[in-house]
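A.B. asks: One letter stands for each residue in the lines below.
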Amino acid sequence: EAGVTQFPSHSVIEKGQTVTLRCDPISGHDNLYWYRRVMGKEIKFLLHFVKESKQDESGMPNNRFLAERTGGTYSTLKVQPAELEDSGVYFCASSQYTGDWFEQYFGPGTRLTVT
Amino acid sequence: AQTVTQSQPEMSVQEAETVTLSCTYDTSESDYYLFWYKQPPSRQMILVIRQEAYKQQNATENRFSVNFQKAAKSFSLKISDSQLGDAAMYFCAYRRSQNYGGSQGNLIFGKGTKLSVKP
Numbered sequence: 000e001a002g003v004t005q006f007p008s009h010s011v012i013e014k015g016q017t018v019t020l021r022c023d024p025i026s027g028h029d030n031l032y033w034y035r036r037v038m039g040k041e042i043k044f045l046l047h048f049v050k051e052s053k054q055d056e057s058g059m060p061n062n063r064f065l066a067e068r069t070g071g072t073y074s075t076l077k078v079q080p081a082e083l084e085d086s087g088v089y090f091c092a093s094s095q096y097t098g099d100w101f102e103q104y105f106g107p108g109t110r111l112t113v114t
Numbered sequence: 119a120q121t122v123t124q125s126q127p128e129m130s131v132q133e134a135e136t137v138t139l140s141c142t143y144d145t146s147e148s149d150y151y152l153f154w155y156k157q158p159p160s161r162q163m164i165l166v167i168r169q170e171a172y173k174q175q176n177a178t179e180n181r182f183s184v185n186f187q188k189a190a191k192s193f194s195l196k197i198s199d200s201q202l203g204d205a206a207m208y209f210c211a212y213r214r215s216q217n218y219g220g221s222q223g224n225l226i227f228g229k230g231t232k233l234s235v236k237p
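Respectively, the protein sequence lines represent chains A and B.
All residue numbers for the first sequence refer to the numbering used here, where the first residue is 0 and numbers rise by one.
All residue numbers for the second sequence refer to the numbering used here, where the first residue is 119 and numbers rise by one.
For the record, the hints were derived by calculation from the structure and aren't laboratory data.
The model shown is predicted, which means the values in this text are computed figures rather than measured ones.
Check before you lean on any hint, since a few could be wrong.
[What the hints assert, rightly or not] Once the Cα atoms are required to be at most 30 Å apart in a straight line, the calculated DSSO-like pairs of lysine-lysine come out as:
{"id": "1", "chain 1": "B", "residue 1": "K188", "chain 2": "A", "residue 2": "K43"}
{"id": "2", "chain 1": "B", "residue 1": "K196", "chain 2": "B", "residue 2": "K232"}
{"id": "3", "chain 1": "B", "residue 1": "K173", "chain 2": "B", "residue 2": "K236"}
{"id": "4", "chain 1": "A", "residue 1": "K53", "chain 2": "B", "residue 2": "K229"}
{"id": "5", "chain 1": "A", "residue 1": "K43", "chain 2": "B", "residue 2": "K232"}
{"id": "6", "chain 1": "A", "residue 1": "K43", "chain 2": "B", "residue 2": "K173"}
{"id": "7", "chain 1": "A", "residue 1": "K40", "chain 2": "B", "residue 2": "K191"}
{"id": "8", "chain 1": "A", "residue 1": "K40", "chain 2": "B", "residue 2": "K229"}
{"id": "9", "chain 1": "A", "residue 1": "K53", "chain 2": "A", "residue 2": "K40"}
{"id": "10", "chain 1": "B", "residue 1": "K236", "chain 2": "A", "residue 2": "K53"}
{"id": "11", "chain 1": "A", "residue 1": "K40", "chain 2": "B", "residue 2": "K188"}
{"id": "12", "chain 1": "B", "residue 1": "K196", "chain 2": "A", "residue 2": "K77"}
{"id": "13", "chain 1": "A", "residue 1": "K14", "chain 2": "B", "residue 2": "K229"}
{"id": "14", "chain 1": "B", "residue 1": "K196", "chain 2": "A", "residue 2": "K40"}
{"id": "15", "chain 1": "A", "residue 1": "K40", "chain 2": "B", "residue 2": "K232"}
[Said to hold, decoys possible] Reference listing, derived: stretches of chain A covered by chain B, where coverage requires no fewer than 3 residues with Cβ under 8 Å from a Cβ of chain B:
{"id": "16", "segment": "42-56"}
{"id": "17", "segment": "104-114"}
All C-beta atoms in this analysis are idealised placements derived from N, C-alpha and C, irrespective of residue type, glycine included.
Extracted from the complex, chain A is given alone in its bound form:
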């Protein structure tokens, strides 16, 4: 079974440009999460999808970030326009929620560098 995949693995863009990150969860996983790690800091939660609906987007930093999950399958995270402080590693995770215990499976991350 394929794991969580993310594309691209690395993106370098200039300040003011737009970047779109993609995440493909494990097939059948209704829950999809986005996290971000800024260099030297904690991994921070951004948002949580259940199928195509946003369950919780309390961690989204501002309205320059837009996440979508078309048809409850893959998800995209668009940053427009990018700022220097957006640099970091963006992780995606998915899970098949069952009861109070479930495991999140993480993708390899997308390293975003804004210059």
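Keeping the supplied structure of chain A fixed, place chain B upon it in accordance with the hints.
C.D. replies: Frame of chain A, contents of chain B only:
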């Protein structure tokens, strides 16, 4: 709000030796889950071990075990018989129980500890 603290940015261990990574957390809730994740260089994070707060018994997974001290809010990871493949970033994480509502599942992470294993 819950927080997770890993006070050791880097640790080093000799192959075959034992190392303990520290993690403390802050919460006012009595029911929650704790995790240790491992991220090898350029690879994805994988779950190493988990602990349910309502369980007094410390979790063990082969060479990995935890020392869960609920009253002290401490959750350390012990790696026995360290191997070269254990070299990685280790993240401690907290998740709220669904009994407390809120988002179903977002993890709260510490800053991580980079573990090096010397041959």
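A.B. asks: So, for every hint listed, does it hold in this structure?
C.D. replies: Okay, the hints, checked on the actual structure:
Taking the CA atoms of K188 (chain B) and K43 (chain A), the gap is near 24 Å; set against the 30 Å cutoff, the hint holds. For a cut-off of 30 Å, the pair hint linking K196 (chain B) to K232 (chain B) stands: about 14 Å separates their Cα positions. At roughly 35 Å between alpha-carbon atoms, K173 (chain B) and K236 (chain B) are farther apart than 30 Å, so this suggested pair is violated. Between K53 (chain A) and K229 (chain B) the CA atoms are separated by roughly 26 Å; this keeps the pair inside 30 Å, and the hint holds.
At most 30 Å may separate the alpha-carbon atoms for a hinted pair to count; K43 (chain A) and K232 (chain B) meet this at roughly 18 Å. Between K43 (chain A) and K173 (chain B) the alpha-carbon distance is near 27 Å, which keeps this suggested pair within the 30 Å criterion. The straight-line distance between the Cα atoms of K40 (chain A) and K191 (chain B) is roughly 21 Å, inside the 30 Å bound, and the hint therefore holds. At roughly 5 Å between alpha-carbon atoms, K40 (chain A) and K229 (chain B) fall within 30 Å of each other, so this suggested pair holds.
Taking the CA atoms of K53 (chain A) and K40 (chain A), the gap is near 25 Å; set against the 30 Å cutoff, the hint holds. Distance restraint check for K236 (chain B) and K53 (chain A): the Cα-Cα separation of roughly 45 Å exceeds the 30 Å cut-off, and the hinted pair is therefore not satisfied. With a C-alpha separation of about 25 Å, the suggested pair K40 (chain A) and K188 (chain B) falls inside the 30 Å cut-off, and the hint holds. Between K196 (chain B) and K77 (chain A) the CA atoms are separated by roughly 39 Å; this puts the pair beyond 30 Å, and the hint is violated.
With a CA separation close to 26 Å, the supplied pair K14 (chain A) and K229 (chain B) stays within the 30 Å bound. For the hint pairing K196 (chain B) with K40 (chain A), the CA-to-CA distance comes to about 23 Å; that is within 30 Å, so the pair holds. Distance hint between K40 (chain A) and K232 (chain B) is fulfilled; the C-alpha atoms sit about 13 Å from each other, no more than 30 Å. Here's how the segment 42-56 of chain A fares: 7 of its residues keep a CB closer than 8 Å to some CB of chain B, so the rule of at least three is met and the hint holds.
Here the segment 104-114 of chain A counts 4 residues with a CB under 8 Å from a CB of chain B, which clears the bar of 3, and the coverage holds.
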